[in-house]
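J.: Based on the hints, put chain B in the right spot on chain A.
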Amino acid sequence: MSKTVDTTLFDPAIVRPALRSALRKLDPRQMIANPVMFVTEVVAALTTILFLRDVVTGGAQSLLTGQIAAWLWFTVYFANLAEAMAEGRGKARADTLRATQSETTAKKLAAPDAAAFDEVSSRSLSTGDLVLVETGDIIPADGEVIDGVASVDESAITGESAPVIRESGGDRSSVTGGTRIVSDWLKVRVTARPGESFLDRMIALVEGAKRQKTPNEIALNILLVGMTIIFLLVVVTLQPFIAYSGAFVPVAFLIALLVTLIPTTIGGLLSAIGVAGMDRLVKANVVAKSGRAVEAAGDVDTLLLDKTGTITFGARRADAFLALPGVSDARLARAAFLASQGDETPEGRSVVDFARPLLPGNEASDAAIRSTIAFSAQTRLSGADLDDGTTLRKGAADAVLAWCGTGRSQPLGDMVERIARSGGTPLVVAENQRPLGVIHLKDIVKPGIRERFAELRRMGVRTVMITGDNPLTAAVIAAEAGVDDFLAEATPENKLELIRKEQAEGKLVAMCGDGSNDAPALAQADVGVAMNPGTPAAKEAGNLIDLDSDPTKLIEIVMVGKQLLISRGALTTFSIANDVAKYFAILPALFVTAYPGLGALNVMGLASPGSAILSAVIFNALVIIALIPLALKGVRYAPASAASLLRRNLLIYGLGGLVVPFIGIKAIDLVVSALSLA
Amino acid sequence: MASDILQFILYCVLLAALAWPLGIYLARVFSGEQTFLFPLLAPVETGIARACGVDPRTADQHWTRYALAALAFNLAGWFVLYAMLRLQGVLPFNPQGLPGLSPDLAFNTAVSFVTNTNWQAYGGETTMSYFSQMVGLGVQNFVSAGTGIAVGAAVIRGFAGRETRGVGNFWIDLVRAVLYVLLPLSILFGLFLVWQGVPQNLASYVDATTLEGAKQTIAQGPAAAQIAIKQLGTNGGGFFNANSAVPYENPTPLTNFAEMLAILLIPAAFPFMFGTMVRDMRQGAAIFAAMLVLFLGSLALTYGSEIQGNPIVAELQVDQSAGNMEGKEVRFGTGNSALWATATTAASNGSVNAMHDSFMPLGMLAPMLQMQTGEVVFGGVGSGFYGMLAFVLLTVFIAGLMVGRTPEYLGKKIEAKEVKLSVIAFLVMPLGVLVFGAMATMIPAALASVQDAGPHGLSEILYAYSSGTGNNGSAFAGFGANTPYHNTMIGIAMLLGRYVFIIPMLAIAGSLAAKKTVPASAGTFPTHTPLFVGLLVAVVLIIGGLTFFPALALGPIAEHMAMLAGQTV
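Residue numbers (the numbering used here), protein chains in the order written: chain A, 136 to 813; chain B, 3 to 571.
It should be emphasised that the hints constitute simulated quantities derived from the structure, not laboratory data.
Please note that a few of the clues may not be correct.
[Claimed, not checked] Taking lysine-lysine and the DSSO-like style, the derived pairs with C-alpha atoms no more than 27 Å apart in a straight line are:
1. B:518 to B:422
2. A:348 to A:418
3. A:636 to B:518
4. A:581 to A:424
5. B:217 to A:424
6. A:688 to A:642
7. B:518 to A:348
8. A:768 to A:418
9. A:348 to A:768
10. A:642 to A:424
11. A:424 to A:688
12. A:348 to A:581
13. A:348 to A:642
14. A:418 to A:581
15. A:348 to B:217
16. A:577 to A:418
17. A:424 to A:768
18. B:422 to A:636
19. A:636 to A:688
20. A:348 to A:424
21. A:581 to A:688
22. A:688 to A:418
23. B:419 to A:348
24. B:217 to A:642
25. A:424 to B:518
26. B:419 to B:518
27. A:642 to B:422
Chain A on its own, in the form it takes in the complex (with noise of 0.2 Å):
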């Protein structure tokens, strides 16, 4: 789905109706939702009200008061624009999502057995049901796999054109409302009620609709509320301080002031940067089932990753000849390939493909086998006979060796041996009942993800490798993956109680898993990720869903969650530090009328009170549209430790913060005054 929608920033398409949008989210209702923002609209109203009475009154400063009203009603549609445009974005993806969803005809069993169905509305269909379909039906709801075997197309939810396997029993036993089946048939039980289904789950979301507060964003909101009350306290009271001080300001001044000290640009893009977090999960193909989950996946300390798929390919390949005494390594190279051309099993593959770069010129293709023997579980080898009468063979020691009919010698045995004990398994190739050396199959580490590990592990997080292989295998896959621990033998039971430990600890645990026996752990994990084909139970136990089904995913996730948050912390630090240069714009120009030696504190030289005053303004409302895309896209984040992570956005935000906007507020004051305006 990111493959066919991923808008540019400023897509028309998306810009033009947000542009109404930011209009209609004007009302003092909605607004309300934003206390900053609210403020900032409550005060546009009152300078509004202002300016028309100095208009109807023939005030001096009317033209002035009448730029600031202007310029304040900006703010607020500026902020509601970027809210506007997340959402737009959000919604963009939702529509195509909606395309799939419409309504289908169901054809309803009315018991599991039953032969004749009932054509019903696929809106009609509640928990429980019962549905068959059949080739080229749309699935019509999210349900369970309760009998067949089909392949399904799921290309309008994850983007993946190839059709996958859906089967009664197992861990790809769920279905989604909206997919295809491409050929047999399947009898599926109803899981969600039509508008709660998966589908509907993930466009509620993506459209911001039904996106509720975070736990970080509703204490950031309470600290922005709290400095909108110290910095109104402030305004209001400087009123009677400057009356003290026997001069007049006009009411107009002291909004200005206001609206640019009280956090405008972190509290107009609050909610855009929470609308686009979730949004740029959902690119990544990850659809989360709260906020909350997205939040905390920055916060995880503890991520559990299982060995299969995600640190090691599925299976083990071949990585080594060791040839015994007198055999040459071409002779070896040239029995394992023969030997494993009947070998179909993906070890047998890699045997093949790690051969022939090692096969002497053509030897191998003038070699003609009379015969191949395929692998089987029974008999643990596969072989070749060639035309010439060589016989060869390749298998598990044991079984190699009593075809063979002799002993272990000596130095067989002690490649097997070293092979078993550095986790690896020993496959004895021979040749005519003769042993010619060992075959060394091994896990092997995906390339790079021992590189992804020593990131987590720079961010603080910290991995563990579960695997299902002994103590011995699991220790040395995990030392050359570089993972941080492991754990063995593992079962539901273990797993759940590794968790538990972790979380004991204090720690935030992540985890992903597709099996109905993953669902207790899932659900206990703090961020469960859940495969998409895996079972009903595994997807409601976790709290985020991967369509993709890609184990890897999960450090995608830890850092969407991160930046998420460091958006946030970046653009309130920077809203913070922008309140230096507004003091110095607007304090000297709202002081010197009652004593001119403020005019001192005017280190920017700016033009006149009004321009100064302007100029605070214009740019309190520009940088919001400045940071749009900032809050939209995340801040650039790269692992790294909280130590230099914080130094680098420190003096970018925080040193940036103050620095700006004295270059921002003298550049439009130049402009102000070269075009008169104040």
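T.: For chain B alone, coordinates are given in the frame of chain A:
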């Protein structure tokens, strides 16, 4: 000037050297561990506990009960003190026959001493009998400081706690604070003062005839004991009206230096107590460093302005080479006055050895700002530290998000509840200083107390309400504080500044105590680095400073600019 700076350095070094071990001692006292005073005082403590029916083993209180106990104790103390001041005329030890106090002055003074502010709207020797001084004010000097120390200890326990329900027991903490900390230090310090010549008697005032033949009344009294606890307990209420500028309160250069050390000693020990109790001294040292940086900044500004002297006065051919000497005790000079002023307003002490009203405009700016940031640069005993912890939480919350985790301090997540409570505490100073100050500029009855016109008049109002809300107690002499209006409003400001910090901070402690502690990792926001120290300083200055900058611009800063321009008003 070089000798002044040398003295400043000596002062800071000695302060750190004394505060560190005292902090460890405090941590041991409030963790219930044995200290070297234990054999001597433990029986007394057990006796008091038994008499009050408190069993130290099972007495751990939830924060709400702790707060209630503290409030109830302070309320009772207020009633007793109020009654005592009103009935002073009929109570004993009153050789001068001083009458009872007016209702508003008694209210103000009782609040002032119960809240550890020691704002004095009265003149000591002309208003207070020996009985009021010793039994009334003297007792509150100990127990109001004890309350601050106790609450400080409870708040620290909350930060250090690991999934515990309680934050300690108020009664035990109070007894320990007085018995193990304030009494021994005061006795030592009091004896030192007597040795240096501070009076400690119950005699009538002495009449003397001066060289010019005028009659002078020399006040007497049990001063040494009062002064010891006034400095150590960040009380600051002078025995005599002119406070520590009087030779009977502060006779020698040695007492001057020692009293300055005493002012900051216990507040400076608190960060180290914290470091010990949270089992990570680096955390305490970082907070101490932030306080020290802010202190040195204030000192530099104050001393820098004072030593430069007044250019307008210099034009009148008055020698300004010793700095601005108006309102300063010649014995102490500019350096010692600037250091004292900075220390006494950094701590919420409020005793003075020079007239702050006569300081240069920028020289008074730093003391005012230190009070307005909520007395967190060392601050009051206990109270300064928990006030600073509110800033630490704010810093962690704002900047902590930038490392991509839910902000946490010492492994405890800072969430909506803690933010909300901190915000409530942060509203106190703007309310007390700006709102009450603005009211004073509008009400004629309030304006009558202002002596000077122009920006200095505003400074007088701001200083009074900053001092009250910050629980400092120092004042501009030009401000006639003893009026029913100001007695009442500053009284309320003192109550706000004390209890609207105590209650939220105890609530935060209770909330944090119950939380799980997340072990630190590379992803944890570091709160012990120089970067964090800088950040904390910046947050105190930006949040504290931004709030008061407009008002200060119209007061001291406007006065400064006018002075540079050669204007006198």
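J.: For every hint, state whether the structure bears it out.
T.: Outcome of the hint check:
1. For a cut-off of 27 Å, the pair hint linking residue 518 of chain B to residue 422 of chain B stands: about 20 Å separates their Cα positions.
2. Restraint check for residue 348 of chain A and residue 418 of chain A: satisfied, since their Cα atoms lie roughly 20 Å apart, inside the 27 Å limit.
3. Of the pairs offered as hints, the one joining residue 636 of chain A and residue 518 of chain B holds, with about 13 Å between alpha carbons and a cut-off of 27 Å not exceeded.
4. Distance check on the hinted pair: residue 581 of chain A and residue 424 of chain A sit about 30 Å apart at the alpha-carbon level, beyond 27 Å; violated.
5. A distance of roughly 87 Å separates the Cα atoms of residue 217 of chain B and residue 424 of chain A; the hinted pair therefore is violated under the 27 Å criterion.
6. Restraint check for residue 688 of chain A and residue 642 of chain A: the C-alpha separation of about 20 Å stays at or below 27 Å, so the hint holds.
7. A C-alpha spacing of about 23 Å is found between residue 518 of chain B and residue 348 of chain A, which places the hinted pair at or below 27 Å, so the restraint holds.
8. Pair hint residue 768 of chain A plus residue 418 of chain A holds up; C-alpha atoms about 12 Å apart against a cutoff of 27 Å.
9. Only pairs whose Cα atoms come within 27 Å are accepted, and residue 348 of chain A paired with residue 768 of chain A is accepted, the gap being roughly 19 Å.
10. Of the supplied pair hints, the one linking residue 642 of chain A and residue 424 of chain A holds, its CA atoms being roughly 21 Å apart against a limit of 27 Å.
11. Taking the CA atoms of residue 424 of chain A and residue 688 of chain A, the gap is near 16 Å; set against the 27 Å cutoff, the hint holds.
12. Note on residue 348 of chain A and residue 581 of chain A: the hinted pairing is violated, with a Cα-Cα distance of about 38 Å set against a maximum of 27 Å.
13. Our distance criterion of 27 Å between C-alpha atoms is met by residue 348 of chain A and residue 642 of chain A, whose separation comes to about 23 Å.
14. Proximity of residue 418 of chain A to residue 581 of chain A is assessed by CA-CA distance (about 24 Å); at most 27 Å being required, the pair is judged to hold.
15. Of the supplied pair hints, the one linking residue 348 of chain A and residue 217 of chain B is violated, its CA atoms being roughly 75 Å apart against a limit of 27 Å.
16. Proximity of residue 577 of chain A to residue 418 of chain A is assessed by CA-CA distance (about 35 Å); at most 27 Å being required, the pair is judged violated.
17. Restraint check for residue 424 of chain A and residue 768 of chain A: satisfied, since their Cα atoms lie roughly 21 Å apart, inside the 27 Å limit.
18. Distance restraint check for residue 422 of chain B and residue 636 of chain A: the Cα-Cα separation of roughly 32 Å exceeds the 27 Å cut-off, and the hinted pair is therefore not satisfied.
19. Between residue 636 of chain A and residue 688 of chain A, the direct Cα distance comes to roughly 24 Å. Compliance with the 27 Å bound is thereby established for this hinted pair.
20. Of the supplied pair hints, the one linking residue 348 of chain A and residue 424 of chain A holds, its CA atoms being roughly 13 Å apart against a limit of 27 Å.
21. For a cut-off of 27 Å, the pair hint linking residue 581 of chain A to residue 688 of chain A stands: about 14 Å separates their Cα positions.
22. The straight-line distance between the Cα atoms of residue 688 of chain A and residue 418 of chain A is roughly 12 Å, inside the 27 Å bound, and the hint therefore holds.
23. Restraint check for residue 419 of chain B and residue 348 of chain A: satisfied, since their Cα atoms lie roughly 15 Å apart, inside the 27 Å limit.
24. The straight-line distance between the Cα atoms of residue 217 of chain B and residue 642 of chain A is roughly 77 Å, outside the 27 Å bound, and the hint therefore fails.
25. Simply put, residue 424 of chain A and residue 518 of chain B have alpha-carbon atoms about 25 Å apart, close enough for the 27 Å limit, and the pair holds.
26. For the suggested pair residue 419 of chain B and residue 518 of chain B, the alpha carbons sit about 15 Å apart, so the restraint of at most 27 Å is met.
27. For the given pair, residue 642 of chain A sits about 25 Å from residue 422 of chain B by alpha-carbon distance, which is consistent with the 27 Å threshold.
Consistency with the previously given hints fails for numbers 4, 5, 12, 15, 16, 18 and 24, ordered from lowest to highest.
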